[in-house]
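**Student:** Chain by chain, the residues run as shown.
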Amino acid sequence: MTINTLARGGWDREQMACFQKMEKVIVAMQDPDMGMKMRNQRLLITVIPHAMTGRDMITWLIQKYCICEEEALHISGMLVRYGYVYPLKEPRSLVLRPDESPYRFQTPYFWTSTRWPASELDYAIYLAKKNIRKQGELMEYEKERYSVLHKRINHTWDFVVMQAREQLRASKQRRKADRIVLECQEQAYWLINRPQPGAHNVLDMGLERPNNLSARVTLVSDIITFLYVSYVPVPFVKYSEQYQNHDPIMQGCLPSNPWISDDTAYTRVLGHLVLLVPAFAAPVDLVERWSFSFMELLNDIMGRREFMIYLEKEFSAENLCFWQACEDIRHGESSRIVEKVEEIYKNFLTPGAARWVNVDSKTMDKTLKGIRHPHRFVMDDAQMHIYFLMKKDSYPRYLKSDLYKNLLAKAIMNCPTCLFVLSACSPS
Amino acid sequence: MRSPRVPEMATQEVQPNETLTHLKTESDTLKTKLEEERAKLHDVELHQVAEKVDGLGQFIMKTRRTLKGHGNKVLCMDWCKDKRRIVSSSQDGKVIVWDAFTTNKEHAVTMPCTWVMACAYAPSGCAVACGGLDNKCSVYPLSLDKNENLAAKKKSVAMHTNYLSACSFTNSDMQGCDKKANVWDMRSGQCIQSFETHESDINSVRYYPSGDAFASGSDDATCRLYDLRADREVAIYSKESIIFGVSSVDFSLSGRLLFGGYNDYTINVWDVLKGTRVSILFGHENRVSTLRVSPDGTAFCTGSWDHTLRV
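Chains as they are written, first to last, in UniProt numbering: chain A, 1 to 428; chain B, 1 to 311.
If you are wondering where the hints come from, they were derived from the structure by calculation, not from laboratory data.
In this text, a Cβ means the ideal position worked out from N, Cα and C, and glycines have one as well.
One or more hints might be untrue.
Stated by the list, open to error - Coverage of chain A stretches by chain B, computed from C-beta distances (three or more under 8 Å per stretch; other residues unrestricted):
#, segment
1, 61–68
2, 74–88
3, 334–342
Claimed, not checked - Taking lysine-lysine pairs in the DSS-like style, the calculated list, with each CA pair at most 25 Å apart, reads:
#, chain 1, residue 1, chain 2, residue 2
4, B, K24, B, K62
5, B, K180, A, K21
6, B, K179, A, K24
7, B, K24, B, K239
8, A, K24, B, K105
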């Protein structure tokens with residue numbers, strides 16, 4: 001099965017939504033009251049009715065959707081690319097020019113969504129018509145496809161030629177303007193559904209998505225308990241405000257955003273060399289972030305190192321060591337889990353161990369039982385207990401300690417221009 | 001605060017002669033009652049609270065780097081923790097590691113299959129994982145020795161029954177299938193929460209930086225924000241002029257901005273709190289298939305079907 005046949009299955013779900021929306025826009029554009037003003041367009045010696053210029057389309061879109069010109073140009077470009085609007089001059093170039101070039105709306109008969117998938121038979125008839133009408137009018141790639149089709153549906157070829165002749169005869173009886181319009185419409189349709197090789201194919205859908213409707217997902221319990229969180233939106237506002245000054249895309253960063261200035265000073269400080277950089281060279285926003293939450297401190301390598309130094313002074317460094325060892329198990333290699341669990345037990349949990357951690361008896365019992373069948377998450381309860389111990393006790397004291405305060409002061413001094421007010425200086 | 005009716009029902013004894021259907025209808029009515037209760041407690045909307053927050057000024061965001069080298073559509077990319085390296089995978093079966101800062105290619109691996117839809121950088125920076133139509137996830141160690149045949153050292157990590165569409169080195173807790181976004185407990189392997197408000201397939205989900213919420217992007221051309229603790233949708237990011245679906249989303253470092261890569265080749269930047277669009281970015285010549293913000297939040301990278309990546 002080729003990728004193309006696979007792609008058609010996924011068509012329905014993904015594209016129908018887009019096509020319906022585009023069609024809504026097109027219909028709105030043609031609304032007699034609120035839609036666009038259309039006029040007659042002169043094409044060589046014929047006059048084509050109901051045409052509009054590219055400039056008109058863009059103006060209408062800007063007004064209707066309150067968008068900028070670039071976006072309106074983009075949207076109208078997409079409408080042309082997908083065949084809802086076609087150009088009268090240079091019909092092979094499906095591009096929207098924001099000037100006086102004339103365009104027309106495609107008739108719904110030829111909307112890609114109406115006639116999907118484009119049938120081989122119709123394409124054969126179309127190419128046959130072109131061939132009959134004027135010898136040599138087919139382009140190279142069209143000639144190739146024509147001969148391929150001729151081989152493939154040879155059994156119905158008589159029908160194809162007959163249909164082509166019939167349609168040409170019928171069109172000769174129409175007015176010239178109508179005939180030109182119909183030819184343009186049909187050509188536009190096929191330019192999109194059978195694009196030139198190498199040209200942009202808007203109908204390329206990628207791989208088909210497997211249908212997941214058969215996968216039954218059952219929630220764990222039918223009785224859903226949830227927290228009624230008062231003022232749900234407030235945590236978002238708080239979080240964003242707190243971190244806003246640290247968001248490089250929004251506020252810039254010191255010394256400069258490396259992608260804009262091509263200067264790697266920022267990345268050097270926070271890159272692989274971070275362990276070699278002395279702590280007082282840490283940028284002030286980083287040091288400040290450590291005071292936002294305990295997780296921030298632990299997630300940052302320098303923060304963790306500094307915290308360890310502080311804990312060593314307080315003779316409670318084994319807590320952090322234990323926590324780190326547990327993290328190592330959770331994120332490390334499966335093959336070494338058993339070995340690591342044993343080490344933790346030896347170093348931290350055995351009574352009388354060198355770096356014994358203070359875990360309550362219930363958790364300790366549970367953990368010791370779990371150790372007999374070690375797995376990735378066996379230390380979770382103990383780790384959580386120690387985490388909260390550090391968070392409630394050591395962490396707040398660290399933030400008030402001279403060690404942290406000095407670090408922060410040095411960082412501020414090193415910072416040439418402080419972009420923001422430091423909110424974390426006051427002890428909380 | 002829990003709904004007062006819930007504990008009552010839970011402690012009722014199940015009579016042996018109660019049929020399954022009876023119990024099912026009971027649980028269904030219970031669910032609807034819970035939904036009604038929840039709706040009554042319906043909160044202040046996010047954008048109302050955000051009215052007091054300062055508006056965002058104009059942002060000047062431009063393409064700062066363009067990475068060219070893939071021979072076909074770029075399907076997926078990921079940042080290395082060192083904030084400058086990127087791994088990307090493409091339909092032509094190639095997985096390339098770039099130094100995005102200098103735009104040099106550092107490694108290139110040819111997969112035995114095409115449509116490599118997923119790739120991820122190891123936190124250690126020493127390996128990349130990728131997978132696609134071969135239904136496997138393979139891990140390639142990266143070495144600086146240019147002559148080494150990386151392909152020979154790969155390890156297969158997982159076998160799937162269908163093509164691999166996403167992989168990452170940390171536990172990925174969410175999955176968007178059809179219109180539902182499910183949150184899974186990695187330890188019990190069970191789905192603990194489910195959200196179904198999108199009108200079309202969800203293409204991408206990403207956690208909010210605090211971890212209490214996530215955003216999703218869907219074919220219905222909207223992005224939505226869901227709060228995990230309140231268990232509901234909190235905001236919708238959409239505009240009438242946006243017609244094409246979202247292929248991937250990511251948050252800025254502070255969570256104030258949400259970047260969405262769309263199938264109409266553009267990137268829309270949303271103010272998460274106010275629900276308005278901050279900016280629209282052009283540049284790609286085909287649909288944006290993947291989008292990730294760098295680990296330090298200084299930039300974001302997009303990969304597109306136009307064979308290029310932009311930072």
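**Student:** The structure should be examined with respect to each hint, and the outcome stated for every one.
**Tutor:** A quick look at each hint next to the structure:
For the segment 61–68 of chain A, the stated coverage by chain B is satisfied: 4 residues place a CB nearer than 8 Å to a CB of that chain, which reaches the threshold of 3. Coverage of a stretch by a chain is defined here by at least three residues with a beta carbon nearer than 8 Å to that chain's beta carbons; for the segment 74–88 of chain A and chain B the count is 3, and the condition holds. For the segment 334–342 of chain A, the proposed coverage by chain B is not satisfied: 0 residues have a C-beta within less than 8 Å of a C-beta in that chain, short of the threshold of three. About 55 Å separates the Cα atoms of K24(B) and K62(B), which puts this hinted pair outside 25 Å; it is violated.
A distance of roughly 22 Å separates the Cα atoms of K180(B) and K21(A); the hinted pair therefore holds under the 25 Å criterion. At most 25 Å may separate the alpha-carbon atoms for a hinted pair to count; K179(B) and K24(A) meet this at roughly 23 Å. Restraint check for K24(B) and K239(B): not satisfied, since their Cα atoms lie roughly 40 Å apart, outside the 25 Å limit. Pair hint K24(A) plus K105(B) does not hold up; C-alpha atoms about 45 Å apart against a cutoff of 25 Å.
When held up to the earlier numbered hints, the structure conflicts with 3, 4, 7, 8 and fits the remainder.
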